[in-house]
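The sequence shown maps to residues 131 to 532 in my numbering.
Treat each hint with caution, since some may be false.
Simulated crosslink set (SDA-like; lysine to any residue; CA at most 20 Å straight-line) [stated by the list, open to error]:
#	residue 1	residue 2
1	K442	S495
2	K433	K464
3	K464	T488
4	K427	E444
5	K464	V525
6	K432	E341
7	K427	P371
8	K236	P252
9	K453	V525
Don't read these hints as lab results, they were simulated from the structure.
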Amino acid sequence: MNITDLRNAVNGIDFDREKQRQMILEIGAKKKPHRYIRVLRTAAAVVVCILTVGALSVPVRAVVDSLVRERMDSLPEEEIAKVAEQIKNQSTEANSATREYTAGEKERRGKLYARYLNGLFPEGDLTMVDSEEEAAEHEFCFLTTTGVFYLPVNRELTDEEILQKIDFEKKQDYAVQEQNAERIAEREAKEKEQVKKVVASGGITEERAVETATEYLKQVFGLDGSGMELNHYYNDPDSAPAHVVGTYCVNWSDMGNYDYYYFWIDAADGTLRSLTYSHDWKGREAARPAVSEAPGKIAGIKKQAQSFLEEKLEIRDSFQEVKSYYRVNVTDEKVSTLIDVLFVGDGGASFLVECTWTGEVSDFSVTTKEDYEERLQTEVQTSVDYYRTEEGREVKIEIVEN
Numbered sequence: 131m132n133i134t135d136l137r138n139a140v141n142g143i144d145f146d147r148e149k150q151r152q153m154i155l156e157i158g159a160k161k162k163p164h165r166y167i168r169v170l171r172t173a174a175a176v177v178v179c180i181l182t183v184g185a186l187s188v189p190v191r192a193v194v195d196s197l198v199r200e201r202m203d204s205l206p207e208e209e210i211a212k213v214a215e216q217i218k219n220q221s222t223e224a225n226s227a228t229r230e231y232t233a234g235e236k237e238r239r240g241k242l243y244a245r246y247l248n249g250l251f252p253e254g255d256l257t258m259v260d261s262e263e264e265a266a267e268h269e270f271c272f273l274t275t276t277g278v279f280y281l282p283v284n285r286e287l288t289d290e291e292i293l294q295k296i297d298f299e300k301k302q303d304y305a306v307q308e309q310n311a312e313r314i315a316e317r318e319a320k321e322k323e324q325v326k327k328v329v330a331s332g333g334i335t336e337e338r339a340v341e342t343a344t345e346y347l348k349q350v351f352g353l354d355g356s357g358m359e360l361n362h363y364y365n366d367p368d369s370a371p372a373h374v375v376g377t378y379c380v381n382w383s384d385m386g387n388y389d390y391y392y393f394w395i396d397a398a399d400g401t402l403r404s405l406t407y408s409h410d411w412k413g414r415e416a417a418r419p420a421v422s423e424a425p426g427k428i429a430g431i432k433k434q435a436q437s438f439l440e441e442k443l444e445i446r447d448s449f450q451e452v453k454s455y456y457r458v459n460v461t462d463e464k465v466s467t468l469i470d471v472l473f474v475g476d477g478g479a480s481f482l483v484e485c486t487w488t489g490e491v492s493d494f495s496v497t498t499k500e501d502y503e504e505r506l507q508t509e510v511q512t513s514v515d516y517y518r519t520e521e522g523r524e525v526k527i528e529i530v531e532n
C-alpha cells in the first residue's frame, strides 16, 4: 500500500477512536510493528504505525504487477532516490490533497487504476513544486515539502491527471521499498524459516492459506480477486499482536476504489480466525443513530449478524447467549459507529461479529467472552485517557450491553 493510499484508506475506513488508541498501545508495547493489521479497520492501522514509529519501520507492499514492476525497474536510479528523499523530508507523515475527489473522479479512478495495472500509463509526469507560491501557479501539482496534491478548484481531474497521480504514488511506494530492500529481504527470509517450522509440525502452507482465503472471499463477498492486489504473509510470534500470532494474513486491496478485504487463516489447522472488510465510512457515519434511538435497532442487527454467520460462514451452532455491545460517549452524546454482536459458544469459544447500524458486517473473529470483554474495557479506558491527555477534557464513555 503506498503512502497516499494509506491516508485515503483512513478516509475510507471508519473505526472508533478508542480502538485506534488501543492499537497505538499495542504497537508501542511490541516495539516491532511488522505488518500490524486487525480491528484496524484495515489500512488505518498501518497509518497508526507510521504515526507511532515512523514510516520506514512499516514494510511496504511489494509492487508485484509485472507491467508496473517493469516500469518502476526502468526508472533512473536518480529519480527513485529523489522521490525517497522527498518522502523523508515531508513535514507530514502521509500525502494529502487540497480537496476530496468528486463522485465522478472516484468512479474514474477506480476504472483507471485497473487499466494502469494492465499497462495504461500516463503520457507525462506529475508537476513537482517546492513552494506554495509555485503551487499557486498550477491547477494540478504536488508540493514536495508538505506532501500535498494541489487539485483543480473549478473542474474535475482529467484521466491523464488521475493517471499521473496514480503513477507518482506507485513511484513513492517503489522508492520506499527499494530504500529498505535489505531489511525487507531479511524479514522475508525469517518468515520463510518460521513457515517451514509450521509446516513441519503439521500446519498448512502459505499457499494453502491463500487458497482458503480465496474461497472465503468468494463465499462471503462473491469476489474472485480479479482486478485487486493480493498480499499475504505469516504473523510471527516476535512482532505480531497476540490475537493474530500463528496466522497467515491474506488480503486483497482494490486501490482504485479503496476497498480492502483481510483474512487471517490459522496456520495450524487452516481455519478462519478473523476477517475484516472496509468500505463506505461516510455511509456508516451517516447511519449512526441518536443515543435514544440506538436500543431500538439492536434486535434487527442481531438477526443480521446471525444471518451472516449462518449464510456466509455456514456456522449454525447452538449458543449459550447472544449479546450486543456498543459504546456511548455520554459527554458528547454519541454512540460508537459499530455494534459488536458476540455469540457465546458452549465450549468457551465465541464468535464476534461487528456490524454497522445498518447491519452491514465489517469484522468477524473467533474469541472468548472473557477475552473480548477484557479488550473492550481496555479500549474504553484507553479512549478516556486519550481525551484527558490529548484534548485536555474529561469524557465519560459507557458500554451498553443487550
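Outcome of the hint check:
no.: 1; hint: K442 / S495; result: 14 Å, holds
no.: 2; hint: K433 / K464; result: 24 Å, violated
no.: 3; hint: K464 / T488; result: 16 Å, holds
no.: 4; hint: K427 / E444; result: 25 Å, violated
no.: 5; hint: K464 / V525; result: 11 Å, holds
no.: 6; hint: K432 / E341; result: 30 Å, violated
no.: 7; hint: K427 / P371; result: 33 Å, violated
no.: 8; hint: K236 / P252; result: 18 Å, holds
no.: 9; hint: K453 / V525; result: 25 Å, violated
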